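J.: Residue numbers (the working numbering), protein chains in the order written: chain A, 213 to 524; chain B, 629 to 906.
These are computed hints drawn from the structure, not numbers from a lab.
Fair warning: there could be bad hints in the mix.
Estimated spans, in silico, between C-beta atoms of each pair [to be verified]:
#1 Asn816/B with Glu235/A: 44 to 54 Å
#2 Asp678/B with Pro237/A: 21 to 31 Å
#3 Glu394/A with Asp848/B: 50 to 60 Å
Where chain B lies over chain A, by a calculated footprint (3+ residues, C-beta under 8 Å) [as the list claims (entries may be wrong)]:
#4 262–273
#5 278–290
#6 516–522
All values derive from a computational prediction rather than experimental measurement.
We put the CB at the ideal spot given by N, CA and C, even for glycine.
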Amino acid sequence: MSEVKKIATRESYGNALKALGEENPNVLVLDADLAGATKTSVFKKAFPDRFFDCGIAECNMVSIAAGVATTGRIPFCSSFAMFAAGRAFEQVRNAVGYPHLNVKIGATHAGISVGEDGATHQCNEDIALMRTIPGMVIISPADDVEARAAVKAAAEYVGPVYLRFGRMAVPVFNDEATYKFEIGKGITLREGTDVTIVATGLCVNSAMEAAEKLAADGISAEVINIHTIKPLDEELILASAKKTGKVVTVEEHSVIGGLGSAVCDVLSEKLPTPVKKLGVNDTYCESGPAAKLVEKYRLDGVGVYEQVKEFI
Amino acid sequence: MTKLELQKTANEVRKGIVTAVHSAKSGHPGGSLSAADVFTYLYFEELNIDPKEPNKADRDRFVLSKGHTAPGLYATLAERGFFPKEDLTTLRHIGSHLQGHPCMQHTPGLDMSSGSLGQGISAAVGMALSAKTFGDSYRVYTLLGDGELQEGQVWEASMFASAKKLDNLCVIVDNNNLQIDGTIEEVNSPYPIPEKFEAFGFHVINVDGHDFDQLKAAFDEAKTIKGQPTVIIMKTVKGKGVSFMENNVSWHGSAPNDEQYETAMAELEKAGEELCQK
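Only chain B is shown next, with the shape it has when bound in the complex:
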């Protein structure tokens, strides 16, 4: 995909996020929107996956360690054709395959159930370890929130990944700087993030998480790194793409009402039209 096509696709993903969370009347739009670009890049450019064969053995794996941003992943999987986009309006409804947090048994394209923070990275490490041990060539990716770095298990997993030289593992941190109780510094600062991962033996790449050129360069670089895992730390804007949600912590875990939904969708429609005129 060209950069413009990726931007258009990410805009569609954002519409899917807003639609899903609005339908659910609950959920986590802020961190889904901040990660919409990386979700798009992963599922449309980076990952070796096939929507027609979601469980193919040699597929690259992705674990959404920050599982509460499931709407972002679901919207991306739907956009990529793993299931109909209409399903997004069933998010969090009784009987839906789209659970509040990812459930691998129900949703096509999910490699792991997640939602309890700090555990997804360990599961990704387990996948990478299995691949290394048995000579499989797939790569493993996992996306963490910056607040999630407060979980001790993240560092247990990081220590192990580095000690076992898991260079088939790519950790991504969505550094949008906000968590439910406030900014991550106000709550319990995990900064400086790059230095911490470096101390834990990672190859560290810092990027603007909304710039597809930088994302491409980072993921390409990660694949060349041998003997150590890579972390891509993305500076992002929570709520990115919906002006009234941007950098506003109250949109971490609340859904737009009908009026807010209309406003958000109009904004995204307009952004889409502008991209089409490029």
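One chain only, chain A, in its complex shape:
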């Protein structure tokens, strides 16, 4: 068996932007002195005339993107999730969200898998923040294939989109030849009857690994990949919860306000179901190698497996 290919979704983002640049002359990319890290540098190299570095001024960058969008062009603006969603929240809310402008925010280095840079740069709050903005689409892709498809879909969609990418290389499990991405449509990766595991981002792979281990214990887990957190695929989640009667959510994000909260919002109103939210438990994390942190905060396959067992 060959080694599974691993690619960080930020790499996918850079490559997808370059492909977009070739297809669409109206795409313009902004960054805030992190082009090498966010991988917008790939676009910059190919299309230097349509790339603008705003320097270390994320709030200005987001408002500039809003202005660009009013002229009919499609701006992608990028920084780390901490600064794009955190520092510039009010700009995203008032300059992008309120006028519902066609701005794409490519936020990389989301979650704890930032690794060694530590808590100041590990954004576990961006999904929560972005969910509160009316009309904002939030996409959190799980692997390279999904991430590139998501960037393309975001460019085709008219309206604000927040794209969440990771720094750490993660396994590529989707098959490019058959994979289809549709904003707002979750994907059932594995059918099961005992418990539903709803995951997003790099935790989708952890959920799949956990489901394997659970199967060995005779537990049948259904795994749903929610790449679009808003609008949420309520139908898919409700149908699965109805079937299994137990739901576990997994995300590299705070358990407050993220995917878990979004799932609970739907279930509590429409089909009250026991839910266990896995994620970062209302704490700041720490420096360390990314994979070790994911393990420590129990968001790897083993951590998810153990916590699902504890729950059911």
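Got chain A; can you put chain B on it based on the hints?
T.: For chain B alone, kept in the frame of chain A given last:
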């Protein structure tokens, strides 16, 4: 328009401001009145716009960065024919297209939503950047308050505009010297304003913001400047045109009662009649 016609029009705009804010029972008359002349000059002389086709692609853009002075912009847009003047009395009412701060989706003629200070200039920079990048010939104008200069984002935007040589951008500062908490020096002085913009790479023009000859000269000069953005710093009087509102900080964000409204309108009527006799 002749200078006299501009003065008459600005007087009508001032009536519209007072009427709108009185109807709303809230709003920001002081900074709307201080900018009434520049609004008039922009929408009746300077900007390439068409009220019949508010979204035409090659129009010049205007962003009201000091969004709280929306009554001034609304009164000007109505005077210019973007929507009926009667709409002004619906300002801030439920269901009105005239929101407390500009909302581009609702009001014809608005190029950007604004109101959160410091952001409008960045949006204007984005428009200017788009025009430069894709070879569009329109110009972009944005109006800032002097208190607004306390927002750090103004300087982020200014640094970028200059670094990218956005000579299609014209920033206007309404230097009426007052903000909600007092004079701008008392609160947190942004002075000296011209030197700051100069240090940020702008071509700086200082004018009396109530003198149409000076406004014309400034905007004409701005169009000749290449390789750098221009800022027009206007000395103005907050509340200009309504004697009891002039230079009085309490009129930054409060509406006239019925009696004050009558007094203000009588003053403006009289000023209009005097202009007609010229």
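J.: For every hint, state whether the structure bears it out.
T.: Against the structure, the hints come out as follows:
A C-beta distance of roughly 48 Å is found between asparagine 816/B and glutamate 235/A, which places it inside the suggested range of 44 to 54 Å. Checked against the hint of 21 to 31 Å, the pair aspartate 678/B and proline 237/A passes, with Cβ atoms roughly 27 Å apart. Distance hint check: the CB atoms of glutamate 394/A and aspartate 848/B are about 53 Å apart, consistent with the given range 50 to 60 Å. Look at the region 262–273 of chain A against chain B: 7 of its residues bring a Cβ nearer than 8 Å to a Cβ of that chain, three or more, so the hint holds.
Only residues whose beta carbon comes within less than 8 Å of a beta carbon in chain B count, and the region 278–290 of chain A has 9; three or more means the coverage holds. Under the rule that three or more residues need a Cβ within less than 8 Å of chain B, the assignment of the region 516–522 of chain A is violated, with 0 such residues.
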